[in-house]
Amino acid sequence: MDLVLSDDQKMIREEATRLLAERSTSERVREVVEAAQGVDAELWATIAGELGWCAMAIPEAFGGLGLGMTEQVLLMEAVGRRLAALPLWSTSCMAAPLIAAVGGDTAKAELLGRIAGGEAATVAWDIFAVDPLAHIGFDARASGDGYVIEGRAAQVSDLLAAAIVLVPAQLDGGLALFALPAGTGNSALLPTLDGTRQIGELTLDPVALPASARVDAAGFDAADADAAIASAMLGLAAEQIGAACGVMDVTLDYIASRVQFGRTIASFQAIKHRCARLEVDFSEARSLVYGAAAGFDATSPAERGMEIAAARALAGDLLYRASEEAIQLHGGVGFTWEYDPHLYFKRAQAASCLLGATHAHLGLIADALLGAEEAR
Amino acid sequence: MDLVLSDDQKMIREEATRLLAERSTSERVREVVEAAQGVDAELWATIAGELGWCAMAIPEAFGGLGLGMTEQVLLMEAVGRRLAALPLWSTSCMAAPLIAAVGGDTAKAELLGRIAGGEAATVAWDIFAVDPLAHIGFDARASGDGYVIEGRAAQVSDLLAAAIVLVPAQLDGGLALFALPAGTGNSALLPTLDGTRQIGELTLDPVALPASARVDAAGFDAADADAAIASAMLGLAAEQIGAACGVMDVTLDYIASRVQFGRTIASFQAIKHRCARLEVDFSEARSLVYGAAAGFDATSPAERGMEIAAARALAGDLLYRASEEAIQLHGGVGFTWEYDPHLYFKRAQAASCLLGATHAHLGLIADALLGAEEAR
Amino acid sequence: MSDQTTDELRAEIRDWMASNLTGRFEVLRHRGNAGDGDALPDLRKEWERVLAGSRWTCPGWPHEWGGRGLSVAEQIVFQEEYSRAGGPGRMGHIGEGLVGPTLIAFGTQEQKERFLPGICSGTEFWCQGYSEPSAGSDLGNIRTRARQDPATGDWLVSGQKVWTSLAHLSDWIFVLARCEEGSVGRNGLIFLLMQLDQPGIEVQPIRQIGGGAEFNSVFFDGARASAANVVGKPGEGWKVAMALLSFERGISTLGQQMGFAQELELVCEIARENGAAKRPDLRQRIARAWTGLRAMRYLAMRVLSDDPSGETMRETLGYKYHWSNWHRDLGKLAMDVLGRDANVISDDPRHERLRQLFLFSRSDTIYGGSNEIQLNIIAEQGLGMPREPRGSLF
Amino acid sequence: MSDQTTDELRAEIRDWMASNLTGRFEVLRHRGNAGDGDALPDLRKEWERVLAGSRWTCPGWPHEWGGRGLSVAEQIVFQEEYSRAGGPGRMGHIGEGLVGPTLIAFGTQEQKERFLPGICSGTEFWCQGYSEPSAGSDLGNIRTRARQDPATGDWLVSGQKVWTSLAHLSDWIFVLARCEEGSVGRNGLIFLLMQLDQPGIEVQPIRQIGGGAEFNSVFFDGARASAANVVGKPGEGWKVAMALLSFERGISTLGQQMGFAQELELVCEIARENGAAKRPDLRQRIARAWTGLRAMRYLAMRVLSDDPSGETMRETLGYKYHWSNWHRDLGKLAMDVLGRDANVISDDPRHERLRQLFLFSRSDTIYGGSNEIQLNIIAEQGLGMPREPRGSLF
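Protein chains in written order, with our numbering: chain A, 1 to 376; chain B, 1 to 376; chain C, 1 to 394; chain D, 1 to 394.
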């Protein structure tokens, strides 16, 4: 396994980093937050429509570039670093891998093609669970040529931004996956503490769907979707280490120039040591994310699951601590609206329980190491 | 509730502190450790026999001074500070309160009188449990005029040093308490990592006891012994904050004189902040110990139990962290036999799980606050 | 705290709150605390006058200045019962807790007569002008200047104060300024009382991370303080300022703890409701929060006991660090207990209260001496470790 | 790590260990590691010669000096399999890992011919003379002096080294000493190779907290180093010393990790046996330990990849801090998993191994650059923060 990035990979990262530094500035992120939509639609048009970021990880057969998880992770890291309000996680790390994992041939061709072309997508599953398919809120039954489906997903990421909304539902004792045609059901935008990721509520009350809305060929189970869940979790971890990097940069810049007691804040040893400990944690989390990405296809699902849970646990904790320290080290201005730490801080809290909080990820690992006899 | 010490209380503390500084020196503690007996018998003869420390908390009716829990806590703190290898915790915080709580009049008069006179005592219960009477290792049955008792206690504090060994046993579906006559059963000294507290194994295989060996009048349950368990836990917490204070003193002295990179270690801000955080934790733990002691008789058993569990949790964690930092801040010499940090460090680890580890104490509090629906 | 003597007082306050914090004042319950300090200002000013009408403002002041002369223990009882009843954040806090005691200790007879009644009656509200943009935690670095007008003897003030709580809702401000040109550090400072509504003073709100704006920048451009409104001597402002800060660490502490206890109870309540109480990690953290709060209570009782032996001095130093970090951690715990409900703004006012706790408690470890300053003080004054060097930039 | 090319090598080592670490060598399994470094020295020296007989000492050295010229990936495989089989702590480690590479890089032809064969054959053992009592983590503060004997050109050394691992079982020591009077810091140092068994050198064991004594003080009183045994130029010893330290952070890392993994597995095993695996807090800590170990693995792979872009430089700086603190925490976790069995010395050798881990891992965060030094380096070199001032005592 090679953990050194290739020149192509470095180029992808640099391009993404440069573009987002230009387009997802502090001012722009604030505009998005004030607009309370949770999505930067213009930026999305650029990166998904013009630059084809969503095509990268989609197989060439379906109109993509067929690149791997490492490229995905580099993009997510860059997105996280600037808190870019993009439905990229929902689209590339959740919806596309889920279609690829359980979709029938026709659905794959159509939906992955649309995603590669720049349409946003999402999945209406339980985004707060380590096993987001374990408690599905939708029930479907066959009806005539099609299906009737009803239920509710309380919080769906990027719901209103998505052109493709995937809905997993219970069907005949197993799972089926549906892609909602545009305008199906009720979608409500929810106001959030973190204004940088759109959250919506989806209610199907009930609705009839044509047979063509079904994505999977003949049912699937959670194990079939393992790669999609792993991808979602790893993508989020990458986004979190990116955001941690971003807020550490902001902080290091600030304390390098801010003077107190006749010295820069950065010159105080206690501050240096706290920053250094964050840096150690950052290296640790990042190495896990990169390592898990590099081995994504080769590692067994069980071990991959442990690694990704580990990455997610470290990345979530890191981002929270880094943004908490950012506020503290900024002193008085650290909790004004005007300075950036709060943007990262709110994202940190909001992301911390996505796909399970730290205790749940460590719980998965403990189950694997020690047996699952105890309830988490 | 008055949390200011009276002049008498201050005098007790000062006398104890002065005496132990003189008699339980680093050299003396090392002699005790090397002798592998876990008890400083000479020092015990002084403080229990000559100075009557064990008499302090015993009611005047039984030959004691009738002082309160605050005095007890001050003595334990002073003992902990010098790691004095004395069976004081077993005697004054466990055995005497247990006799006082459940003993019949005759037994109280005899046994408390002997303890007030300077005889060491202990209890053969489960010293690793927050509820040391929950899993009693001994069974008794009536036999002729007396009893037959059998069973084993794997680790009994100060077992061989104690002239009075109290054995709680199951009897007729309830609990009974026996005081073993000298030489009863098999007592084996166990070698320990921490050489400053004697640990022994008691096996009764089975033995016959006269009726006079029974301490309680007519059976008791765990609730009857609540004050004794609370006293044991609070006494241990006091000993732990004392030891934390001792190892912090040792460390602050060392780093004030040790020079690195042309400065004293104590002048580095990162070091100062770490010491300051320990100091905050120390104040917190100590306040809880003093507060719980001051309210010991007035507070309801339920709330007292929570407070003492809180004190025990903080004191245990504090002592471990303080002695861990002591080694680190001493640098290379910190883990030589010659310097003192390791003595505190080993004590810290050994004491950390006595009467339950931190998680168990916090678990007690959580049960009270949130209900006990979940297993700990 | 449960002595016979205070039991009657406790009952009196409880009854009073029950019969007064009702009707149109009902909406004030639990409002106006940190993070919510600019809520319902007009109604809260009215409430101050209701308090004053029954002599519940300034109960610790001496009788001659309109107080009740309550003992420390009695003031604690007042704070506890006020908080327990959900009494709103006190608009008069700065006047009652800081300016009043400072004037009683250092003010002239004229100053006392001019200012104490307005504070006591809930008709004049105060804010504080300490922090400056370039000074941060470093009060010795004050740059706001006061120049004496030779004609009138008044002082003309120019400069900027920042983090001035509720300046936009206050009538007066006290200002620490540099009155001796070329002076540095603690020397050459002056402590002035200034009317806010005058030319040369502009108040600009600072938007906080929670969205509210209870803090302000206050800009001075030749604003005037009457010669009669200097407290202490010109040049000795530091002494007055330090004394004032020491009043801040007083009795309000235990009322604050009562508020903390309510917040913790709310966290427990929600944990029991939403199942978070079943999670072992959250159970342990909640138990730890209870532990920290109980320790805080005994710590405060030791601190307030003011043992003349100096026995508790070392522990006093750590009090601010302890409560502020405890409170900040409680905010995080509250969010983790809310879990999936933390991020989405709902109609449940309890959730919103916890969100504000989460956001606003970030300031606790920064204001009034940041964590870093507190740790320096504890290390240097408490543990006798070497002082941090000032001034050399490297 | 599981490439085809290394699979054969892996199998070869595994077989070799299986057929050689048997019989009278059986008792060496898992012995002689940190904290146990002075265990069974004679048998372990014999074991070194058995390794040498099959050319498994120095496998990363070039062929011309007796090595196998293994690639980094192959050396990792060797380390992993050696550790997996329970191979004992290497008595030859300092010679093979530090002295050898240093001589290959900086030594004269004569020095290479004199010293490399003895290392490679497991017949001459080395120890290091860096630390001094008053220098601690501060190598620039070296006070041991070397004075040239004008008659012979030899160097006469006086002073004291401390924390010298296994000096009492070694033949040679390398010494960093000050050869220019009045020089300070990194200047004026000399790097010398010295025979231990000579008049003027006295080795005194230091008893550790675990009871063992693998460290020593080494006292020099006019001890002699031949003029031929200076490495690099006199006055440039710092450069050689720093290069040598960089060799220390090499491949052995991954073998070390294999040992860590075994220790963690032992902790899990005991937790499953004694019920600790049912405690939610210990489950979380064990999972965290696994997490840290896996991160360490990828971190090391990134560090060892030595990306010429410097991409991983910042992360490299944190590696020592990460592993040493991880290992120290594992020691504590092991004790908490042992619980009531931690304090009482039992017959179970697994318990004793964990107790030694607990005690000896305290040194991990002190030696080879303490935590405090590491954090300074990470902050200054990694994050570009201002340097810590030296020298002024305040």
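One should not assume that every hint holds.
The list that follows gives simulated cross-link-like pairs (lysine-lysine, DSBU-like), each with its CA atoms no further than 35 Å apart [what the hints assert, rightly or not]:
no., chain 1, residue 1, chain 2, residue 2
1, C, K332, D, K278
2, C, K278, D, K278
3, D, K278, D, K112
Derived, one-sided and incomplete: chain C residues facing chain A with beta-carbon distance under 10 Å [unchecked claim]:
no., residue
4, N343
5, R355
6, I366
If you're looking for bench data, these hints aren't it; they were derived computationally from the structure. None of the values given here were measured: they were computed from a predicted structure. Backbone N, C-alpha and C fix where the C-beta goes; we use that ideal spot for every residue, glycine too.
The hints, checked one at a time:
1. C:K332 <-> D:K278: Distance of about 27 Å is within 35 Å: holds.
2. C:K278 <-> D:K278: Holds, at roughly 16 Å.
3. D:K278 <-> D:K112: Cα-Cα ~57 Å, so violated.
4. N343: holds (4 Å)
5. R355: holds (6 Å)
6. I366: holds (6 Å)
Against the hints set out earlier in the document, a violation occurs for number 3 only.
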